[in-house]
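Colleague: Sequence:
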Amino acid sequence: IEEPPADEKPIEEPPADEKPIEEPPADEKPIEEPPKEESKIDWKRMWKTADTLKKKSLDFAEKATELTKSGAIVLKKKAEEAADAVSDMTKIGKHKFDIATLKRRIEESYIALGSAVYHLVKSEETDQIESDEKVKEIIGRIGRLFNDITVHEEEIERIHREMDPDGDAEEETVQEDKKPEPPDQEEKCPSPPPVDETPDSPDASQENEPKVDDASKVEAKPEA
Numbered sequence: 042i043e044e045p046p047a048d049e050k051p052i053e054e055p056p057a058d059e060k061p062i063e064e065p066p067a068d069e070k071p072i073e074e075p076p077k078e079e080s081k082i083d084w085k086r087m088w089k090t091a092d093t094l095k096k097k098s099l100d101f102a103e104k105a106t107e108l109t110k111s112g113a114i115v116l117k118k119k120a121e122e123a124a125d126a127v128s129d130m131t132k133i134g135k136h137k138f139d140i141a142t143l144k145r146r147i148e149e150s151y152i153a154l155g156s157a158v159y160h161l162v163k164s165e166e167t168d169q170i171e172s173d174e175k176v177k178e179i180i181g182r183i184g185r186l187f188n189d190i191t192v193h194e195e196e197i198e199r200i201h202r203e204m205d206p207d208g209d210a211e212e213e214t215v216q217e218d219k220k221p222e223p224p225d226q227e228e229k230c231p232s233p234p235p236v237d238e239t240p241d242s243p244d245a246s247q248e249n250e251p252k253v254d255d256a257s258k259v260e261a262k263p264e265a
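Here the sequence shown is numbered in our numbering, starting from 42 and rising by one per residue.
It should be emphasised that the hints constitute simulated quantities derived from the structure, not laboratory data. A couple of the hints might just be wrong.
[Unchecked claim] List of simulated lysine-lysine pairs, PhoX-like, C-alpha gap at most 25 Å:
#1 K163 / K144
#2 K110 / K96
#3 K95 / K110
#4 K119 / K132
#5 K117 / K132
#6 K97 / K110
#7 K95 / K85
#8 K177 / K144
#9 K85 / K104
#10 K89 / K104
Please construct the entire structure, taking both the sequences and the accompanying hints into account.
Modeller: Okay, structure coming up:
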């Protein structure tokens with residue numbers, strides 16, 4: 042048997058005053074833990090709930106898809122209408138600009154016409170005003186410019202009708218509603234003014250008196 046080395050301390054024994062660990066008596070029962078309840082899962086109900094949620098989610102997805110498609114269609118239609126409106130307004134602006142240009146050319150033509158007529162009058166050639174080639178050319182140019190203005194104005198009216206097709210129908214309806222009513226019978230045959238037949242009035246007495254010739258009113262002159 043090997044002896045412990047001198048530097049190692051011997052195993053210390055517990056002091057005498059320390060009490061040993063008491064073991065529970067044999068008659069005492071250990072504390073029983075409550076029995077764990079087994080968790081019962083209603084799988085049938087869970088599957089039914091899952092199917093319901095799945096159907097609702099599918100319905101929601103279909104409705105969302107339909108709304109998205111309809112919204113896209115509406116947006117596309119509105120965008121096309123806006124583009125058409127912008128295009129129409131651009132055309133109207135161009136026609137108005139052309140009309141302003143034509144009116145300015147008409148003013149210049151009238152100035153040229155007045156100058157030509159003035160020179161003819163100054164040179165005492167008033168008889169040749171209507172037959173003068175320059176005057177005739179200016180008058181024809183003015184007529185063509187007025188015709189061009191009419192064409193541009195008709196195009197503007199056509200574009201307005203295409204932009205608002207219901208406007209013409211509303212105007213026709215308003216005009217039909219505002220047709221003049223036929224006059225009443227009383228307005229056609231107005232009643233005669235009342236006649237004052239009171240005997241006290243001097244006018245009435247004079248009217249009722251018989252007329253006398255002026256010759257009968259002349260008094261006989263006394264004979265000399």
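Colleague: Evaluate each hint against the coordinates.
Modeller: Hint check results:
Taking the CA atoms of K163 and K144, the gap is near 29 Å; set against the 25 Å cutoff, the hint is violated. Distance hint between K110 and K96 is fulfilled; the C-alpha atoms sit about 21 Å from each other, no more than 25 Å. Restraint check: the Cα-Cα separation between K95 and K110 comes to about 22 Å, which is no more than 25 Å; the hinted pair holds. Restraint check for K119 and K132: satisfied, since their Cα atoms lie roughly 20 Å apart, inside the 25 Å limit.
Taken as a hint, the K117 and K132 pair is honoured in the structure, with Cα atoms around 22 Å apart against an allowance of 25 Å. Restraint check for K97 and K110: the C-alpha separation of about 20 Å stays at or below 25 Å, so the hint holds. With a CA separation close to 15 Å, the supplied pair K95 and K85 stays within the 25 Å bound. Annotation: proposed proximity of K177 to K144 holds, straight-line Cα distance about 19 Å (limit 25 Å).
Distance restraint check for K85 and K104: the Cα-Cα separation of roughly 29 Å exceeds the 25 Å cut-off, and the hinted pair is therefore not satisfied. For the given pair, K89 sits about 23 Å from K104 by alpha-carbon distance, which is consistent with the 25 Å threshold.
Hints 1, 9 from the list above are not met by this structure, while the remaining hints are.
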